[in-house]
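Residues per chain, in single letters:
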Amino acid sequence: MTSNHSTSSANTKAQQPSLITVGKPQSQPHNGAEILIKTLTDLGVDTLFGYPGGAVLPVYDTLFDNHDLNHVMIRHEQAGTHAADGYARATGKPGVVLATSGPGGTNTVTGIATAMMDSIPLVVFTGQVPTGVIGNDAFQEADIVGITRPITKQNYLVRDVDELEHVIREAFHIATNGRPGPVLIDLPKDMLNTKGRFSGMKKVDIPSFKPHTAGHQPQIAKAAEMLTHAKKPLIYAGGGAILGEAWEELTRFAERMNIPVTTTLMGLGAFPESKPQSLGMLGMHGTWTANMAITECDVLLAVGARFDDRVTGRLDGFSQKSRKIHIDIDPSSIGKNVAVELPIVGDVKRVIPAIDKLASPPDTSEWWDTIHTWQREHPLNVPKADDRIYPQHMVKMISEVTGGNAIVVTDVGQHQMWAAQHYRFNHPRSWISSGGLGTMGFGFPAALGAALACPDREVVCITGDGGFQMLSCELATAVEYNIPVKIALMNNNCLGMVRQWQQLFYENRTSYSVFGSNNPDFVKMAECYGAVGMRATTPAEMKQVLSEAMKIKNKPVLMDLRVVETENCYPMVPAGAALDEMVESDEECSK
Amino acid sequence: MSNHSVSNDSRHTLTVLVKHNLNTLSRILGIFSGKGFELESVTFASEAEQGMARITITTYGDETTVEQITKHLHNVVDVLKVTDLTHKKCIERELAIVKVSTAKAGRPEIMLIAQAFKAKVIDITDDKLALEVTGNTDKVDAMIAVLKPYGIAEMSRTGSIALKREFQGAVNIN
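If you read the protein sequences in the order shown, they are chains A and B.
Using our numbering, you'd call the opening residue of the first sequence number 937 and step up by one each time.
Using our numbering, you'd call the opening residue of the second sequence number 144 and step up by one each time.
These are computed hints drawn from the structure, not numbers from a lab.
Given the structure is predicted, the values throughout are model-derived calculations rather than measurements.
Label-pair restraints from in silico Cβ distances: (1) B:G177 - A:R1192: 41 to 49 Å; (2) B:K307 - A:L1251: 33 to 41 Å; (3) B:E206 - A:N1362: 42 to 50 Å; (4) B:K261 - A:R1133: 53 to 61 Å.
Below 25 Å or equal to it, Euclidean Cα-Cα: the simulated BS3-like pairs (lysine-lysine) are: (5) B:K232 - B:K214; (6) A:K1489 - A:K1332; (7) B:K261 - B:K271; (8) B:K178 - A:K1146; (9) B:K307 - A:K1146; (10) B:K162 - A:K1139; (11) B:K214 - B:K307; (12) B:K214 - A:K1158; (13) A:K1293 - A:K1167; (14) A:K1487 - A:K1332; (15) A:K1146 - B:K162; (16) B:K162 - A:K1138; (17) B:K214 - A:K1285; (18) A:K974 - A:K1138; (19) B:K214 - A:K1146; (20) A:K1146 - B:K224; (21) B:K224 - A:K1139; (22) B:K247 - B:K271; (23) A:K1491 - A:K1460.
Facing chain A, according to a computed beta carbon distance under 7 Å, are these residues of chain B, among others: (24) S169; (25) R170; (26) G173; (27) G177; (28) K214; (29) H215; (30) N218; (31) V220; (32) D221; (33) V222; (34) L223.
Note that beta-carbon positions come from the ideal geometry of N, C-alpha and C, so glycine has one too.
Go ahead and model the full structure; you've got the sequences and the hints to work with.
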């Protein structure tokens, strides 16, 4: 058996001649596997996150000596989808995944659902058993098209190799246009082996898929008028402002109009938090000011946001005094949870400047006085002590060490909320977190994807001891590809958010949420994979560990940061409460 | 959408033009099952144009809910057109085959009822008549209600199919 040395040889452009010159002239038809790789290369795909298996062996045979794209060998297909997702969030380009049939496909499901909820463009290729045995419960057969139907924007089972190239091009078009999302292509093994047509025809035209981007001009004019005459306007920007790459337009507009801006979890970075107009994040763990502002505002401009329940709190207490304008590219997002007076279906990047052109700055001086009072009286609390690390302090320090310029990738839970609250986000595509689905295990592999996409940027994965362990196998990938991700593991020896809810709402009955001494030694864990492991238990140690870690540029670093185990995340809007009923401490919550 | 405000719910007939494949039909049905929308009937059949199919859906909901349904249907990549025929003049038809017992009242009485609904007798046995009726859902419902006391042995309905009337004026030849 020939070996291609290591699984990562794709990284180091091997000496073998490329596919096209290995006795396969252009005129000769290619098999499906070759068409797949050729089309991906033609589409400008540079990175493919994959894991081999029986049904995709023809593709791996092609990848053996074709190094036109960089195949990253992850250790679990779920991690592959998260890594591709991180790659997509960091760049705006679609992430590409390759998995085998059956379990390979089903392992991608969580990652696909994560991408669907946050509207992230992914194209996932799964192997399938040969066409002739589909439906016969063949070895490693799963109806992945059926399984992923509700969590993909579109999916395909390829039944004719001559259609393969077109289907791939269509999939990329659908994944990236309109409201982005994941698309899956299921590839029966015989399709990969059969010779077929490759045309190189780039044009994709789908008559039934024409997203509306311009925005209705009379509605735009009305929006401009409403904002011009507002006394207490507020912009509420969501993930759509990032996906639609409208951060510059949004910033220019909000600054000129001097309208306060609050962002959702997914919208962090769409408006620089260093600007005076920024009120920070709103919602369940949003700032006091942002939640009060949305409760009290008279005109609310929602930009690529979807009025998610974590944002609105109890609906009948949500922003009752405001007239609402909602810009979104997906009409089904508008009016779904909250009735809106003025819907504008369109691309935020086009609609915001159109409103900007027509609107004049409203008189907001009184409004700003109120806001400044809230900000003064209810700042975010960062507790500090010399002998122990408070989690808020940990995030603050990471923010300072990286100058707010890192790509921050998180898992899900307390650390995610603290990271969202206390890291100063000034750049778009620098906050990568599973918002809608809340997928634990997402952070670390997504950080690897982001780091591979942006080798020039510092990537910090703020994670927890729970989420990190879900896909810690990816330490092997990180070491193999020399990915210098800094893992800041906020270690409180428990599933913090679960424990917090149990403490506050279940009489502190901490059922199955505390790991205690059952956690592994994370430093040794890092070391056994060949990564660097470090530990800190005091702020002074943390400072040193962080500065040492930032110097390491060729391998992953895992920082086991022991934080105060009983700290809770505030402000918090308890489930079922309205935004202005938020609490700021354990004492207030127990009242 | 989970707000079932019963009071404002009304029946809506949607006609959906799609690319003919089962994945599309499944996606459309998945919107109803996955998002908790009501589904009264659904028909799916090839369209005159090659590779296309028409799906007729009857559903219940208030205006907001049906608007959401329409938007979600539009979002399915292979859906070309969604028309809510509810507030339009439309031709709506359903076909039903009803096997009704003649034991109680005898054939003539049942056949008189059939005549009143312009239903055809399509099968006769010792103790039953099979009737074929077409019309809008109200008419089919009405005939079934009238026949029920005689004893309906078996019944099959197609669910509605509908198209918009070309003429949207006041005259409506049903």
